[in-house]
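Work out the full structure: start from the sequences and follow the hints.
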Amino acid sequence: MAATAIDDVDLVLRTMAKTIVDNAVYFADLDSVAGDGDFGYSLRNGFEVVVSDYDTFDRSSVGAVLKKIGFVLSGKVGGVSGPIWGTAFLRASQAAGDKTEFTAADVIAILRAAVAGIMHRGGASLGEKTLLDALVPAIDTMETGLARPEAVQDHGSAALQEAADVAVRAAEATKPMLAMRGRAAYTGERSIGSVDAGATAVGVILQSVSAAWREKYAQKETGR
Amino acid sequence: MKKFVNDPRQFVPEMLEGIYLASGGRLKYEPKYNLIYRADMPQANKVSIIQGSGSGHEPAHTMIVGKGMLDAACPGDVFAGPPVEFVYETTKLMNSPKGVLHLVNNYTGDRLAFEQGREMCEMDGIKVATLLVNDDVAVKDSTWTVGRRGVAGNFFVIKAVGAASEKGASLEELVRIGNDVIANVRTLGIALTSCTPPVKGSPLFEIADDEMEVGIGIHGEPGRQRTKLVSATEIVDIMLNAVVPDLPFKGGDEVALMINGLGGTTIGELYLLYGIAHKKLAAQGIKVFRSYVNEYCTSLEMAGASLTLLKVNEEIKGLLNEPAEVSIRVF
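Chains as they are written, first to last, in this note's numbering: chain A, 1 to 224; chain B, 1 to 331.
These are calculated hints, taken from the structure and not from any lab test. Just so we're clear, the structure is a prediction, and the values are computed from it rather than from any experiment. Among the hints, a few may not be true.
To be verified - Derived lysine to aspartate or glutamate pairs resembling DMTMM-like cross-links, with alpha carbons at most 25 Å apart:
| # | chain 1 | residue 1 | chain 2 | residue 2 |
| --- | --- | --- | --- | --- |
| 1 | B | Lys3 | B | Asp40 |
| 2 | A | Lys68 | B | Glu122 |
| 3 | A | Lys68 | B | Glu115 |
| 4 | B | Lys92 | B | Glu269 |
| 5 | A | Lys68 | B | Glu301 |
| 6 | B | Lys2 | A | Asp29 |
| 7 | A | Lys175 | B | Glu122 |
| 8 | B | Lys279 | B | Glu254 |
| 9 | B | Lys32 | A | Asp58 |
| 10 | B | Lys3 | A | Asp29 |
| 11 | B | Lys46 | B | Asp124 |
| 12 | B | Lys32 | A | Asp55 |
| 13 | B | Lys32 | A | Asp53 |
| 14 | A | Lys67 | B | Glu122 |
| 15 | A | Lys18 | B | Asp7 |
| 16 | A | Lys216 | A | Asp106 |
| 17 | B | Lys228 | A | Asp106 |
| 18 | B | Lys67 | B | Glu322 |
| 19 | B | Lys98 | B | Glu30 |
| 20 | A | Lys67 | B | Glu119 |
| 21 | B | Lys317 | B | Glu234 |
| 22 | A | Lys67 | B | Glu115 |
| 23 | A | Lys216 | A | Asp140 |
| 24 | B | Lys127 | B | Glu115 |
| 25 | A | Lys99 | A | Asp8 |
| 26 | A | Lys68 | B | Asp237 |
| 27 | B | Lys32 | A | Glu48 |
| 28 | A | Lys67 | A | Asp7 |
| 29 | A | Lys68 | B | Glu30 |
| 30 | B | Lys28 | B | Glu58 |
| 31 | A | Lys67 | B | Asp124 |
| 32 | B | Lys140 | A | Glu189 |
| 33 | A | Lys67 | A | Asp29 |
| 34 | B | Lys140 | B | Asp237 |
| 35 | B | Lys287 | B | Glu322 |
Structure (structure tokens):
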């Protein structure tokens, strides 16, 4: 993968925010099966500000824009999602620092920092039926894909799509899991049989980001 | 959905504005943080007591802000804990030299927001202590779960620390008193119907006409089991059989007995349940020191009720008997 610049980061973050806003009802409905149904709406409260105000954010560095989003989420998003997603963006921001472009290894390091933040804030680990169960295998897949030589030619498009597909399958695989974190944990064995809303959201977001990414780089290829 | 509502996403702010305007100047409202607070707070000689939690449980928590109860409440949306920023800004605004007490119902969202908010406040040099309310016996407690939920028993914690704070108790004393109440209070709720969050616009879960949910959470979370609807007497038996052995409450104990409506049950039904519970406790030698029959912690328009028992000692009895002035007044 070639070096990624701030306009790539813009594309990913804008797509992510729009996807979350567009799917708020779907995510909330998933959450009402075993949780309390606030997940999609809570996230929307923050990401709709990201969508509307993105152009005004400080984008002098990758760290700056991630930090701004972290603050927006801490200020607007209630429930479990605000502290979890807010901490993820703030940790990612620290890992990104004042870089304005970065390599595949940097991308993975930033994502791993976000995961560490989620684990720190929520106290969850893998297999507890949370968004981590989709996010972590997706990042592992992306890391392997980005290490392949082809990743340079396609700007990581194939690696990102594989990661998105893994996230969707991993989210589906949360169905038989017993929820141990968040409000879904209160349902005990009755949480078994429904997918985790957070893990499903990770799959949906990555699919959208991957589609936008492929579109951008396919256009670049044909434009040459 | 059939509700008195304009834009569903403005449900909470419009409700809060009503609470503020109805208070006749006793309360203030800061829309930016869903914040309702006492106009006469903070005070240098009193610990400030704050609660967040989600909306949809009214009168908890915004309608019980007042002298002798909460000093401020900064709820999130319906059934969602407040954003971290609400906690941080509310705590800063209510900062007192005697400190600030955070009352947190034990839900992951509330805990995370208040933990992060407290860390931020402590960086600013604000003295903060936290009480975690977890009275719901429906949730089996163990090390790997998120622990028991805070439900209607929260009222007694607020009442006790609110009264003690008015008499000048220190932050450390309030933590001791609050933990004493938390250690002695137990609740079980039963739902007959579902509820509809305004933004969702449809019921949170399905429940048949002849069914009830035993151990319901106040956000519609499933409880211990779904069973056929039984008589009121049998329902009280289910409640007492879950609550009494849990502490356990024993013959000779004095208790506060609360029958709390979940939002869609008539006050008549609540008194019917109360009478049955009172007699059954008396038969076990458990004496009701003080009764509470009303809506204290609801789940929107859910039909249902919870039963709370608090074992009282002389100190707690004194605090429960202290006056309080809150928005919910019927006379």
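Find the hints from earlier in the document that the structure breaks and name them by number, from lowest to highest. 1, 4, 5, 7, 17, 21, 26, 33
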